[in-house]
Amino acid sequence: MKKKIIKTSITLFFLFITLVFFIGLNKNSVYDTTNLVGEKLTHINLNHFSKNLKITEQDLKKNNFNLINFWSSWCGPCRDEHPFLLRLKDENNINLLGVNFKDKKNNALKFLREFGNPYDLIAEDKFGKNSVNLGIYGIPESILINKDLIIIKKFIGPITEEDFKYIVTAINK
Amino acid sequence: MISNFGNTILFISAFLSSFIIYISFKNLKEDKTVLKKNIYQLCLLQSTLIILSFFILISAFITSDFSLITVYQNSHTLKPLLYKISGAWGNHEGSLLLWLIILTVFSFLFLVYNNNHPKNYRLYTLITQNFLILGFLFFLIFNSNPFSLVSPIPKEGLGLNPILQDPALAIHPPLLYIGFVGSSIYFSAAISSMLSNYQGKLFAQSIKNWVLISWSFQTIGILAGSIWAYYELGWGGFWFWDPVENASLLPWFAMTALFHSLKVLEKRNLFYFWVIILCIITFILSVTGTFLVRSGILNSVHTFANDPSRGLYILLFLSLLIFGSIFILFKKFQLNDYRINPNSKETFILVNNWFMIFYLITVLLGTIYPIFTEVLTNHKVSVGPPFYNIVIIPIVVIFLFLMSIGPNVKWIKNKFENYNLLIKILLASVLINFSIVFLFKSYSLISNFIIISSIFLIISTTLDFYKCIKKKKFNFPRLTSHLAFGFMVFFIGINHNFSFEKDFNLRLGDKEKIENYTVEFKNLNLEEFKNYKAIIGKFIIENYDKKLNLTLSPEIRIYENPNTLTYEASIRSGLLKDYYITMSNIDRSEYYNVKFQKKPFMMWIWISVIFISIGGFIRLFENEKKNY
Chain A
4 MKKKIIKTSI TLFFLFITLV FFIGLNKNSV YDTTNLVGEK LTHINLNHFS KNLKITEQDL
64 KKNNFNLINF WSSWCGPCRD EHPFLLRLKD ENNINLLGVN FKDKKNNALK FLREFGNPYD
124 LIAEDKFGKN SVNLGIYGIP ESILINKDLI IIKKFIGPIT EEDFKYIVTA INK
Chain B
2 MISNFGNTIL FISAFLSSFI IYISFKNLKE DKTVLKKNIY QLCLLQSTLI ILSFFILISA
62 FITSDFSLIT VYQNSHTLKP LLYKISGAWG NHEGSLLLWL IILTVFSFLF LVYNNNHPKN
122 YRLYTLITQN FLILGFLFFL IFNSNPFSLV SPIPKEGLGL NPILQDPALA IHPPLLYIGF
182 VGSSIYFSAA ISSMLSNYQG KLFAQSIKNW VLISWSFQTI GILAGSIWAY YELGWGGFWF
242 WDPVENASLL PWFAMTALFH SLKVLEKRNL FYFWVIILCI ITFILSVTGT FLVRSGILNS
302 VHTFANDPSR GLYILLFLSL LIFGSIFILF KKFQLNDYRI NPNSKETFIL VNNWFMIFYL
362 ITVLLGTIYP IFTEVLTNHK VSVGPPFYNI VIIPIVVIFL FLMSIGPNVK WIKNKFENYN
422 LLIKILLASV LINFSIVFLF KSYSLISNFI IISSIFLIIS TTLDFYKCIK KKKFNFPRLT
482 SHLAFGFMVF FIGINHNFSF EKDFNLRLGD KEKIENYTVE FKNLNLEEFK NYKAIIGKFI
542 IENYDKKLNL TLSPEIRIYE NPNTLTYEAS IRSGLLKDYY ITMSNIDRSE YYNVKFQKKP
602 FMMWIWISVI FISIGGFIRL FENEKKNY
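Taken in order, these protein sequences are the chains called A and B.
FYI, the numbering for the first sequence is 4 to 176, going by my numbering.
FYI, the numbering for the second sequence is 2 to 629, going by my numbering.
There may be inaccurate statements among the hints.
Claimed, not checked - Cβ-to-Cβ under 10 Å is the rule here; a few derived chain B residues that face chain A:
1. TYR199
2. GLY297
3. ILE323
Simulated from the structure, these hints should not be mistaken for laboratory data.
Every value quoted in this text rests on a predicted model; they were computed, and no experiment measured them.
Backbone N, C-alpha and C fix where the C-beta goes; we use that ideal spot for every residue, glycine too.
Let the sequences and hints guide you as you build the complete structure.
This is the structure we're talking about:
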């Protein structure tokens, strides 16, 4: 009897593992964050970069469009996209929220001093956890959202000239 | 043409495998005690055909025959010859063909070398192995066919991913595959041993060399991958706990546990079922690793292009393996009451196994945990180096102490006599540790323990060496591997604590001072090579105190096929330390981002690992001389 229980539970255990693997196989597309387009962002709760404040949905609803940009001072390609972010700053219809990803505060400040600060608001994400919740798997990445917090487009990798033009036309429609 | 030829050979091989299975079953029922002669011939033919098909694939790569999809996707006419050849196994389809080569060649060699073992045992092993071969052949033919055609025939190929164009990576897959595909043969032998009731000492003798071969190759295979990561990925680390790396480490733990237990089975006829379970686990972990890496279920920095249908097939194969072997194991399993003395070599070897299983479970858990949380709770987590470091490192300390004492413990019943000596060794280790702290600078508490325990192992193994030579009773393989393992942990500890790295931006002509070093950005050149262009920086590193003056030239390479940028580190390896520099360009700026690292004793970590596997090879050589 006891033997039977042990045998059944071992078999069940392996069945469970194979089942999880099987489901995991089909679930794979979840990692592809480009599929998030059209979905609504919820539960935004980020720490402000320099003040003891929280950044929530309310802060984003104020503006017609928001570009949430994930960056870090240690990230090479972030330097590539920086000029475009600076140019976006001059656009009226859009606000830039920069999420400083797994970075040291001093380095981040130095980065902004050196290359300019394009952001209207900066949040910090010391451990990268909030960014992962937003579907980020590497930086730089940026998410363009509208007033209702619906994701219009996701930019994986640095913003390019083309992306820049896309954003400008999208927000001036 | 080439495609038809290759496909025909694969089909013939599949037919041959079925035929071998059939003829072996027939032979089983016969009363004769010897194997039919034609079985040998069939097996030889089978491995020859598979090797032939592999050469066909290689020749397609060499002649850049882009009518084959595999060649088109992974090669290019401008690629150097070496990488055209290694391209043949640098992709999913070709590497599966390599799998098959090892499956069939090992199957044949096992048959030939074990002719003093009973007929039924050998036949069941052959049958099981051929089921595995058939499984992989079907996978190859119907899902991942290296001889699939592309139409119309492209003029030029897409090229091999540049970071794979590297000598260490050219030899890495074959080495590693001998390791973990080699484990298939003792999986088959274990199943066969249960089916034919061929147990105990003789069974242990029939597989021990195979375990050694796979373990030794697995060890250098992992090393080649690690060296590649060190200078190619450009981060200056050599182990990242990436799922792919873990997949190669898991069978290694199981193999290590296995050949220690095998010793007990051989000498004392104990732990039979435990050995069987380890044999099965080793191969199942190898296939699991393949599943995790090839199916794309896990995100890893260097997974193959993934495809869920592949995953499904491997998963199916994997579950057949698991449930098939569980079924047989349950049927044959008998609980044995082993009364072993807690103070005996048997116990110590068992303890080694517990540690190995502990490491195995930790790494396995860390690797597949993200899949579980995602499937069960829809939550994404990532398990990183901190988890492994926290869980594994403290346990290594205890492990190293036991590893120093264990080998000298006697079989059956032991009495400790040399407490004094052990305390002396411990004192010496502590002393050396603190002189290291004093000479360099302080480091963390846990590092102290790691260094002390590794020195403890080094000293006691060295003393054993000395004793061996005095008594003229040699056990070099064990001593070599253990000593090398001690050194490896020691050097990793030192390396971890006394490396430094510094990031800064430099313009051409600028100088940067870091501690006693100055790094000067002297020159920048653009050079054209056969299959890439390179921006080569010239950096002068000086240290006035040590009269050091060396030039390092990191590169940014621009490959056109496929269009990729790679950052090549420039490393000056020395006996005592490596200097490591990488640079990357910053767009629209004349600055370059430079990373300068000093890493002590890197070379010695590699050498230690080589010696760990050399231990295995010496043992193999000895067994061969004793005529197995």
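Verification of the hints:
1. TYR199: violated (24 Å)
2. GLY297: Hint on GLY297 (chain B): holds, closest Cβ of chain A at ~6 Å, below 10 Å.
3. ILE323: holds (5 Å)
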